[in-house]
Amino acid sequence: MNNKVKKIIPQLITLLVIIFVFGFFTYNAQMNMDNRGIEFGYGFLKQESSFDVQFSLIEYDGSHSYARAYLVGLLNTLLVSFIGIILSTIIGVIVGIARLSPNYLIKNTAAFYVEFFRNIPLLLQIFFWYFAALRALPLPQDAEAWFGSTYMTIKGYYVPLFVWNNLDVFLYSILAAIISILIIRSYAKKIQENEGKQLPVLYISLGLLILLPLLSFVIGGVNLEIKTPVLKQLSATGFIFEPALSLPPELIALVLALSLYTATFIAECVRAGIQGVSKGQKEAAASIGLTPRQVLKLVIMPQALRIIIPPTTNQYLNLTKNSSLAAAIAYPDLVLVFAGTALMQTGRAIEIVSITMLTYLSISLAISALMNWYNKKIAIKEK
Amino acid sequence: MNKLNFLKPDKNNLYVYVYTGSVLLFISIFDVFLSSFFNINVTSYLPGPVSLLLPLIVGLFGLHLIRIEFSGLKYLDLLNKNINTSNFNGALTLLIIFVIIMATPPSLSWFIFDANIAGDTKEACTGSGACWTYIKVWLRRFMYGMYPNELQWRINVSFIILIALAFVGYFSGEKLKKFLTLYYVIIYPIIAYILIYYLISGGSFGLEWVETGAWGGLSLTFIVSFFCLIFCFPIGMLLALGRRSNLPTIKYFSVGFIEFWRGVPLITVLFMSSVMFPMFLPEDFFMDKLVRVIIAISLFEAAYVAEVIRGGLQALPRGQYDAAKSLGMGYWKMHIFVILPQALKLVIPGIANTFLALVKDTPLIFVVGLMEIAGMLGLAKTNPKWLGFAMEGYVFAAIIFWIICYAMSKYSYNLELKYKTER
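Those protein sequence lines, which keep their order, are chains A and B.
Be aware that the first sequence starts at 1, since it is given in our numbering, and climbs by one per residue.
Be aware that the second sequence starts at 1, since it is given in our numbering, and climbs by one per residue.
Keep in mind that the hints were calculated from the coordinates and are not lab data.
Possibly wrong hints are sitting among the right ones.
Some chain A residues near chain B, calculated using beta-carbon distances under 8 Å [as the list claims (entries may be wrong)]:
1. N103
2. N119
3. L123
4. N322
5. V353
6. T356
7. S364
Coverage of chain B stretches by chain A, computed from C-beta distances (three or more under 8 Å per stretch; other residues unrestricted) [to be verified]:
8. 75-85
9. 88-95
10. 235-249
11. 256-264
12. 312-320
13. 371-382
For glycine and all other residues, C-beta sits at the position ideal for the given N, C-alpha and C.
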């Protein structure tokens with residue numbers, strides 16, 4: 001009896017406090033909205049937004065709805081996160097391995113990089129790239145070509161425009177190649193387990209990956225036109241490059257800062273992972289006659305990845321959340337477009353902030369669910 | 001004399017190889033040195049790419065020649081082992097050396113030789129380097145924000161008192177040691193609050209009132225980080241205990257709370273505190289912007305602290321819990337005297353990382369209109385009298401933050417060593 005009461009009372013108190021706080025907030029919100037004459041609801045999402053967004057992946061202008069504006073912001077956020085994740089992984093893995101190099105200079109350069117970029121607030125780094133470094137770039141008319149026909153200017157990075165015909169056929173051919181590679185791999189594994197024969201999976205995969213898209217060009221009706229940027233005069237002093245794909249400086253600054261900053265954390269994860277595999281494993285693998293490549297592929301990497309992947313996914317999540325700092329330099333991401341401009345126009349603070357938070361929350365929860373599933377799958381199955 | 005084979009250096013003609021190699025290496029480094037420090041290109045008569053790559057090739061060959069295993073020369077072996085194990089490593093070594101040599105003159109001249117610090121207008125900056133005059137003129141703003149100049153002694157005095165009080169622990173006698181936790185967790189924050197409320201904010205005792213909107217710069221960074229650090233730690237500890245509790249309501253509340261705050265970016269939390277939170281309060285109820293921001297950041301970081309502490313709690317062996325219970329300790333007694341001291345010791349690095357993240361997150365408060373150092377830089381940058389010095393400002397702020405964060409991480413490393421106990 002006594003024990004039971006001891007368990008129930010704290011729970012009851014917690015519950016009451018939660019209910020009281022929520023009730024208090026809802027009551028106030030109701031009163032406040034009544035006073036200002038706003039009604040709670042998500043109907044405003046269908047209204048015409050009547051504001052423009054500078055950079056959008058999908059077609060959008062002021063005549064579209066707020067829901068569409070939300071989608072534009074979300075896609076821009078995902079774009080930054082995607083590029084950032086790829087770049088930071090590349091830099092992070094290289095730096096992480098470099099920190100374990102026997103070469104004194106390489107080791108310390110990598111350590112310097114990590115200590116330097118990790119200890120400066122990300123916001124300052126974004127500001128630095130955007131307001132200081134990228135502002136020192138030349139105007140379009142003075143820009144010199146990089147790699148033949150791309151131009152880095154103060155107005156953005158101009159790259160050649162790819163004009164596709166029947167892009168979908170090309171994408172399907174790549175998808176088909178990936179699926180057939182997966183099938184062949186599982187088939188080859190089966191053969192190796194049953195008959196001990198090894199198929200040259202790598203060459204077959206590479207062949208498929210080149211051959212199928214090539215076929216789509218030859219018989220699928222796909223063709224690709226590359227338009228190189230040419231300087232065009234708009235007014236007496238205004239120049240731009242056309243036809244070209246222009247990456248806005250906001251995007252470049254954001255991606256640079258995010259990937260350089262996150263790469264330091266990924267580098268530490270990679271280093272910890274590789275150091276976490278005990279030396280005995282390597283020696284044991286070598287002693288049973290595996291080649292160095294096999295040792296790396298079959299013994300070291302699977303164990304290191306088990307240590308590396310969970311914290312690295314965490315960093316990817318952090319990068320995605322940090323991409324919301326875009327609002328500080330006016331890159332039109334979810335926070336700026338939706339929680340900024342749309343909120344200013346509609347004044348629907350509760351709805352908009354809650355949608356924005358829910359979006360980030362669902363991205364995070366989805367990725368952590370995926371992570372937990374993966375962790376369970378690769379966990380060492382002990383007997 | 002043995003036969004010389006320059007593609008395969010060996011020990012037989014050790015000195016021939018070592019001297020030739022060293023000379024080649026010296027030539028390559030000297031060439032880069034000349035071209036970057038004195039702008040003399042010795043090989044300008046060669047075509048562009050060759051002239052560019054020549055030092056690398058020469059240096060690489062030199063390194064190849066001196067790569068002799070077990071030469072018996074102490075320094076040569078040390079050199080080979082550390083920076084010259086293979087051709088690839090040698091090439092990377094050379095590249096790094098070249099980059100350092102080439103980057104030194106421009107950065108030195110930007111930072112020091114071509115920089116200006118004299119005068120107090122933009123016109124004083126004539127050199128091509130940095131304009132430190134800008135920092136000098138704006139220094140008060142970067143440190144104290146819009147806080148009135150003649151009242152800034154109040155911030156200084158309160159910070160000095162607080163720092164002095166923070167060191168009480170070092171000088172207290174053995175008898176008072178047991179009260180230290182109480183002091184740091186409860187008394188010290190209260191003193192800090194009173195000081196900041198009466199001295200920095202003012203409004204009573206004949207001190208002029210300064211609204212929080214005028215606070216800013218580095219001092220605001222310190223104030224926000226300080227209070228958030230103090231609040232987020234106990235909240236995080238309670239959440240961690242809640243998450244491990246076997247009472248379902250408390251457990252699921254903690255889980256939900258932690259996962260919610262960890263899943264959203266800080267910037268949306270700050271947005272919430274500034275635009276959504278006032279809607280949830282009674283209409284005539286006023287809460288200062290700074291207070292709202294501190295609450296928001298504390299709750300946000302508390303979720304991260306909670307997860308770190310939970311890691312420590314999980315790492316403790318069950319025996320500790322069982323032993324404490326078998327001595328007849330209750331829940332709170334067990335946690336305060338047995339579990340938490342050990343768990344917290346385990347997670348010092350994790351907590352330090354969270355605190356570092358907190359300090360690095362403080363510039364974000366600019367989204368609600370509070371001007372700490374990054375915000376003041378933005379303001380100074382757009383001042384029509386001082387256009388075009390964004391670089392100096394950000395470099396200055398980066399150096400300050402770097403020093404703070406690096407010192408914190410080194411301090412946490414020392415703490416970790418100090419409290420490391422064998423198990």
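Claimed coverage, the segment 256-264 of chain B by chain A - three or more beta carbons nearer than 8 Å:
holds (count 5)
Per-stretch coverage check for the segment 371-382 of chain B, three Cβ contacts closer than 8 Å to chain A:
holds (count 4)
Restraint: A/T356 near chain B, CB-CB cut 8 Å. Satisfied or not?
Status holds, d = 5 Å.
Any CB of chain B closer than 8 Å to the CB of A/N119?
Since chain B brings a Cβ to about 4 Å from A/N119, closer than 8 Å, the hint holds.
Do the numbers back the hint for A/N322, that is, is its least Cβ distance to chain B under 8 Å?
Holds. Min distance 7 Å.
Status of the hint placing A/S364 at chain B (closest C-beta pair under 8 Å)
holds (4 Å)
Given coverage of the segment 75-85 of chain B by chain A, tested with a Cβ cutoff of 8 Å and a minimum of 3 residues
Contact hint for the segment 75-85 of chain B vs chain A: holds, 4 residues under 8 Å.
Can we keep the A/V353 interface hint, with Cβ of chain B closer than 8 Å?
holds (4 Å)
Mind checking, does the segment 312-320 of chain B have 3 or more residues with a CB under 8 Å from chain A?
violated (count 0)
For the hint on A/N103, just tell me whether its beta-carbon gets within less than 8 Å of chain B.
holds (5 Å)
Is the listed coverage of the segment 88-95 of chain B by chain A valid when you require three or more residues with a beta carbon under 8 Å from a beta carbon of that chain?
Three-residue rule met by the segment 88-95 of chain B, so holds; n is 3.
Just to be careful: measuring from the Cβ of A/L123 to every Cβ in chain B, is the smallest value less than 8 Å?
holds (4 Å)
The structure shown violates just one earlier hint, number 12.
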